[in-house]
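Here are the chains, one letter per residue:
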Amino acid sequence: MISEIKKPLFLFLVFLFVFLTMFVGCTEKKSNAADDFSFTTLDGEMKHLSDFYGKVIVLDCMAVNCQPCMREMSELKKISENYSKNDVTILSIDVWISSGETASMLHDTIDAFKNQDNMTLDWTFGLDDVHGTIENTYASAGVPTLYIFDKKGNIYYSHVGYEDYQMLASKLNAVLEKI
Amino acid sequence: MKNLTKVLLCIVVMSILAATLTQVNAAEPSVRNVNISPSNPTVLSNVTFTTEVTGEDIIAVSLIYKECDLNICKLIKNTTMTKISDGTYQTTITLSYDKATYMTYYFEINSAGKWTKTEYVNVTLSPASGDNNHNGTNGNGNNQKSPGFEFIISMIAVGLLTLILGKKRFR
Chain A
1 MISEIKKPLF
11 LFLVFLFVFL
21 TMFVGCTEKK
31 SNAADDFSFT
41 TLDGEMKHLS
51 DFYGKVIVLD
61 CMAVNCQPCM
71 REMSELKKIS
81 ENYSKNDVTI
91 LSIDVWISSG
101 ETASMLHDTI
111 DAFKNQDNMT
121 LDWTFGLDDV
131 HGTIENTYAS
141 AGVPTLYIFD
151 KKGNIYYSHV
161 GYEDYQMLAS
171 KLNAVLEKI
Chain B
1 MKNLTKVLLC
11 IVVMSILAAT
21 LTQVNAAEPS
31 VRNVNISPSN
41 PTVLSNVTFT
51 TEVTGEDIIA
61 VSLIYKECDL
71 NICKLIKNTT
81 MTKISDGTYQ
91 TTITLSYDKA
101 TYMTYYFEIN
111 SAGKWTKTEY
121 VNVTLSPASG
131 DNNHNGTNGN
141 GNNQKSPGFE
151 FIISMIAVGL
161 LTLILGKKRF
171 R
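Residue numbers (the working numbering), protein chains in the order written: chain A, 1 to 179; chain B, 1 to 171.
Which chain A residues stay away from chain B? Per the calculated CB distances, all over 12 Å, these: (1) S38; (2) D51; (3) K55; (4) N82; (5) H131; (6) K151; (7) A169; (8) N173.
Derived Cβ-Cβ restraints for the label pairs, each shown as a range: (9) B/N122 to A/T120: 25 to 31 Å; (10) B/Y102 to A/S38: 32 to 38 Å; (11) B/K83 to A/G100: 17 to 23 Å; (12) B/Y102 to A/K7: 53 to 59 Å.
Here are some, though not all, of the chain B residues that point toward chain A, as calculated from beta-carbon distances under 7 Å: (13) N71; (14) C73; (15) K74; (16) Y120.
Everything labelled a hint here was simulated from the structure, so no lab data went into it.
Beta carbons are placed, not taken as given, at the ideal position from N, Cα and C, and that holds for glycine.
Just chain B, with the same shape it has in the complex:
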């Protein structure tokens, strides 16, 4: 009889512990099996992110990313992922910074109204194929000090002037 009471007490305690642990797991959603396609993305390309999300009452999953090089990080973007099957979410993004050398991303998961962030992950970006590392500066958004358009326009103006003067001289 005494042993039976002990066993029952053990069962109750174990049940409470198990229930508590389950609740903690439910409160903390997580991502796993993140798949990036292509696995070595290039700049200005489309990249598809597919991930499994575990947790209860998942309302939404977002991918937040930015594109950086050594000197600048370009606009952070927030994309809502589409649920493609039970617990699997997917989104395709288009990279937009041509000089980026890496991108940083993380996921935000809305679980029962509460947002949870995952750790930042860096992904190295390869230069676009056929990119010969152009150093031209026309319209360069980052290094605005380099001359570009004004030189070309000046050359066109000089050319036009030469044509006009040349025509008039031969009349």
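Bound-form chain A, shown alone:
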């Protein structure tokens, strides 16, 4: 009787384990090495993601004239104010260059923050290439899409859509403690 029960019970446990492993932690990737990419800063300088390894990186894949992206800027501003630049660096990359967005449009967006909200966005802004390389790799589901990379360049956390400061801060604290 016991051996009869054991087999389905074992199968059930294996079944349960496989599916829970598959679905739990869909968003929190703890040790995935990121694909390096290059982008052009607003100063026209070519940079790579790997240039920022050694610090925790918050990658904000965004676009101009996107209200959720603008909301995200306010949250990133709080990150910028509350974390040391020696620990955390923020990269906001316009990933819709392939769809016609330009450096001047991004400039206008940053200026709009300065003029309307008296908010200086004091982190690195950049542009994807015309082929949408970053968009296709990191933000194919939409904007904003956020990533947190640990100091070694592994993806620690990702989120599609607007994310508030509390959640970002909790993830940042965790990844900063990890190292």
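For chain A, the structure is supplied; the task is to place chain B on it using the hints.
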């Protein structure tokens, strides 16, 4: 004789001014009478854009749009419009984001090889009819933290186990 010279000079100056103004207008194509059908589109529906384009040597007109809600803007799309009559262009798009609350569009006009963009315009989208504001999370692409499939699969597994054990016990 002196008056005649003045009149001639005036005509020449006016002609130059008119020619310059005409050239400026030709260089800047523009859209007018944009018609969106239906005028209050719903999510996941087909929307037809019809617009008149003025300008010289119009090679192509594109509609660029994105669908957004409060938290996300979904993939920007670029659709080439079809010329349906002289100066009138049309395209029909299918909206694809079920939670969108508005869409943003603008036109790009290729006039003599030079692309010109128009201003962004927002259009409010209504929820699809029969949409009871479902908050289910199975397969939800945005909020990936909510459990969904795993719970259902676990319940099926428990059900199967109960059936198997029940059968064996009655043998």
